[in-house]
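Student: Sequence:
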Amino acid sequence: MATNEYYKNANGEKVEETTWHNVIAWDKAASIFRKVHR
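In short: position in the sequence shown from 1, add 2, done, that's the numbering used here.
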């Protein structure tokens, strides 16, 4: 899963920074997550 952060750097330029996250889920949560993120 990824999250994005948007900000302006020292030059006033728009910057998009993406951070990737590992997700661990079990049982019903795993089933729901699998359906949503295909």
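None of these hints come from the bench; they were simulated from the model. There could be a bad hint or two in this list.
Claimed, not checked - Computed cross-link-like contacts, SDA-like style, restricted to lysine to any residue with a CA-CA straight-line distance of at most 25 Å:
(1) Lys37 x Lys16
(2) Lys37 x Asn6
(3) Lys30 x Ala4
(4) Lys16 x Met3
(5) Lys30 x Met3
(6) Lys10 x Trp22
(7) Lys10 x Val25
(8) Lys10 x Thr21
(9) Lys30 x Lys10
(10) Lys16 x Ala32
(11) Lys16 x Thr5
(12) Lys37 x Thr20
(13) Lys37 x Asn24
(14) Lys37 x Val25
To be verified - The following label-pair restraints were derived from C-beta to C-beta distances:
(15) Thr5 x Lys37: 36 to 42 Å
(16) Ile34 x Thr5: 34 to 40 Å
(17) Lys10 x Ala31: 19 to 25 Å
(18) Ala12 x Ile34: 38 to 44 Å
(19) Ala31 x Thr5: 17 to 23 Å
(20) Asp29 x Thr5: 36 to 42 Å
(21) Ala12 x Ala32: 27 to 33 Å
Every residue, glycine too, gets a C-beta built ideally from N, C-alpha and C.
Student: All hints, please: hold or fail.
Tutor: Status of the hints after comparison with the structure:
no. : hint                      : verdict
1   : Lys37 x Lys16             : violated (33 Å)
2   : Lys37 x Asn6              : holds (22 Å)
3   : Lys30 x Ala4              : holds (21 Å)
4   : Lys16 x Met3              : holds (23 Å)
5   : Lys30 x Met3              : holds (18 Å)
6   : Lys10 x Trp22             : holds (21 Å)
7   : Lys10 x Val25             : violated (29 Å)
8   : Lys10 x Thr21             : holds (17 Å)
9   : Lys30 x Lys10             : violated (40 Å)
10  : Lys16 x Ala32             : violated (35 Å)
11  : Lys16 x Thr5              : holds (16 Å)
12  : Lys37 x Thr20             : holds (23 Å)
13  : Lys37 x Asn24             : holds (17 Å)
14  : Lys37 x Val25             : holds (14 Å)
15  : Thr5 x Lys37: 36 to 42 Å  : violated (20 Å)
16  : Ile34 x Thr5: 34 to 40 Å  : violated (19 Å)
17  : Lys10 x Ala31: 19 to 25 Å : violated (37 Å)
18  : Ala12 x Ile34: 38 to 44 Å : holds (42 Å)
19  : Ala31 x Thr5: 17 to 23 Å  : holds (19 Å)
20  : Asp29 x Thr5: 36 to 42 Å  : violated (24 Å)
21  : Ala12 x Ala32: 27 to 33 Å : violated (43 Å)
Of the numbered hints given earlier, the model fails hints 1, 7, 9, 10, 15, 16, 17, 20, 21; all others are met.
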